[in-house]
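Full structure from sequences and hints, please.
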Amino acid sequence: MLVTTLKKTWLCGFSYAVLALAPVTSCGENIFVVKSQNSPPIAQALEGFRASCREPVVEIELRGKSNQKELLKALGEAKPDVVVAIGLQAAETSRDYVGNIPLLFVMVANPNKRGLEGSNIAGISLNIPLIMQFTNYTNVVRNLRKLGVIYDEKKTGDVIREAKIEAEKIGMELVGISVNSPKAVADALKKLIEQKIDALWMVADETVVTPASFQFLQRETARNKLPFLAASEIFVEKGALASLTVDYTDMGRQAGEIVNQMIKDRKLFAELRTVPPAKVKLAINLETVRLLGGVVNADAVKTASKIYQ
Amino acid sequence: MNRYIATLLLFCAFPSLNLRALDLNQLIPGLYSRNGNGFDGTPGIRVGSTNGHEAHFSFGSAVALRGLNEQLGKDFAVFPFNSAVGAFNFTFDPELGNFVSATDTLGPLFAERGQTLGEKNLNLGFAFTFFHYDTFNGQSLDNYHVGAKHLPGSFPGGNPNEIDPGTYEEDTLDIRLKVDAAVKIYSFTANYGVTERLEVGLLVPMVDVDLNVHSRWSSIVSPNNPTPGIHTTDPAQGAEPQNDRVHGSAFGPGDLLLRSKYQFLREKPVDLAIAVIGKLATGDEANFLGSGDTRVRPLIAASRRFSDVFGKPLSVTPHVNIGYELNVDDSRRNSVEYAVGVEGGAQRVTVALDFLGSRRDDDGQHRAAVSLGAKWNVWKRLILSANLITPLNDEGLRSDLITTLGAEYSFKF
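From first to last, the protein sequence lines stand for chains A and B. Residue numbering for the first sequence follows our numbering, starting at 884 and increasing by one per position. Residue numbering for the second sequence follows our numbering, starting at 636 and increasing by one per position.
Just to be clear, a hint being listed does not mean it is correct.
Derived lysine to any residue pairs resembling SDA-like cross-links, with alpha carbons at most 25 Å apart [stated by the list, open to error]:
no.	chain 1	residue 1	chain 2	residue 2
1	A	Lys1073	B	Thr830
2	A	Lys1189	B	Lys947
3	B	Lys755	A	Ala1069
Sample of chain A residues facing chain B (criterion: CB under 10 Å; computed from the structure) [claimed, not checked]:
no.	residue
4	Gln920
5	Gly970
6	Gln972
7	Gln1101
Examples of chain A residues toward chain B, derived with CB under 10 Å [stated by the list, open to error]:
no.	residue
8	Ser919
9	Ala926
10	Asn993
11	Ala1087
12	Ala1114
13	Lys1121
FYI, nobody ran anything at the bench for these hints, they're computed from the structure. Ideal Cβ placement from N, Cα and C applies to all residues, glycine included.
This is how it looks when you write it as structure tokens:
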């Protein structure tokens, strides 16, 4: 009973807010931001967006709302000029309700696999282009010619296939071993070491990376003085050599600038498609650098945006 | 058998030091029972009498003091023990398509949660706990009164088995005690993650007990006594001195604690673990360093982590523990043990609040306390902690404030 009342109250409140905004936004642009949840990365992206977007913004958070469809239906009916969806859930849900309203998604991994395509859909992917990753890593690790990776064909096989092609472009060989369980990680690493890889690259593969397997990989790569290039900064803090990750605040800023340009020239949006993040962050663990000695390029360390001692 | 081996090992390493000839549990019963200084060397209090009858309070007062001592002894050496912090943890965030740190807290201080340390993680810790006992069943130990009755059968021609009404046998003794019991515990802990879901550990407490007891007896004349001056405190009439004082201290290993925990449910929707905590009777019971009983406590620990609360890198983890402590040596002293609490914070700082409770089968008493503490990850895997426990009710032997300061460090292999 109480829940129903609350839902009705919220919906009424939302509708009133939309209606009340109409006269205000009529003199400016009407921008709705839909966010999947209120997690720190999304909060950072929104902060970046607000800092760069010059227009007033109405926010909708989806997580915890049982009336998501009603909210988005009301959003579609309010006909904002742009809907900015931050996060995967926000992007996928908004896509179904925006109709012809321009939808700009932010922070979505592999958007092409999510059906986030269309004449009114553009966005900023979470994926850092593989060539950019490999180029950065060759700057960090001296003489990086042969890169090893452990992956699960079912989860990240397509990423690895693409990565092999991209690696070849810069004269690097990517040696991948597919596993179907974390227990197989130890054997896979042993085989990679036997193949004399120059560094181990981690992809965001749930089969391979578990707390226990990470500890094993971290320990064994350190023991074999093998640079360990991680998928996330959290692993660098715990001993991996380096990671290349996106800057969420900058992704929000990038989205704000796209919206600003789109408002100036509406035709621009039709030309936009999915773009990579404009800024990436290199994190380096200094203790691991010392352990690896001359393998790591000292100049690259100076360019790191985050250094863990 | 294991008990004796453990005791032997601990005592070989750290024999308890008793800085007085008597064991500490003999101090209170030994009041007024030494030779010299006007004391007659027999248990109990000898009261003077003006008619030359033997004022039979010795037995009653000895029984009263022994009773108090036994009750105190049951509660002495029953200390809370702290839990270990979990390992580095992360989860895959489908929203981000990448791994994120599981914004976790540093764990509760005096409760278990449903998570385990993680495989090949070793956690070593030290804690210093100190407190004074302040009350016993709600009565201040600064001014604790014990009563003693006259023995029946001393009134000429009276009932040999019962106190004769309207006679001096209705007089009683009031023994006022000031018990100053200070306890310091130096605990060394080690916990190790055997597998991702199984951890084992031990806690070795070194206990320092200092007991100081002041006593003063006085005669309470019954209004029914027709000869009110018959019982006297006058030494010339055979009375023992009214004041006595005993002091003693002991230091040595307390009850060794062994623990294991197995997590059988992980975030579906809660972390659920079963733990078994064994307390071996390695502490010297006679000196209040140990309980004298071997106990085994199976318990269930459940916790649920709520990450990114309010959109911040904060985590809130409510937890519940419920267990039953089996006293191997005396099943009447089995007890239900529970803890309900919540810890909140992040991987740098965590604040934990717990309600701790215990209900023993023998006396039916329910001891409840609240614990408030904080953990601070100061450097790498070094964590400092501070905690206060204060009672919520009066039952049993209680301290107004139990303070614990600790440090722990985790290693991974």
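Hints breached by this structure = none
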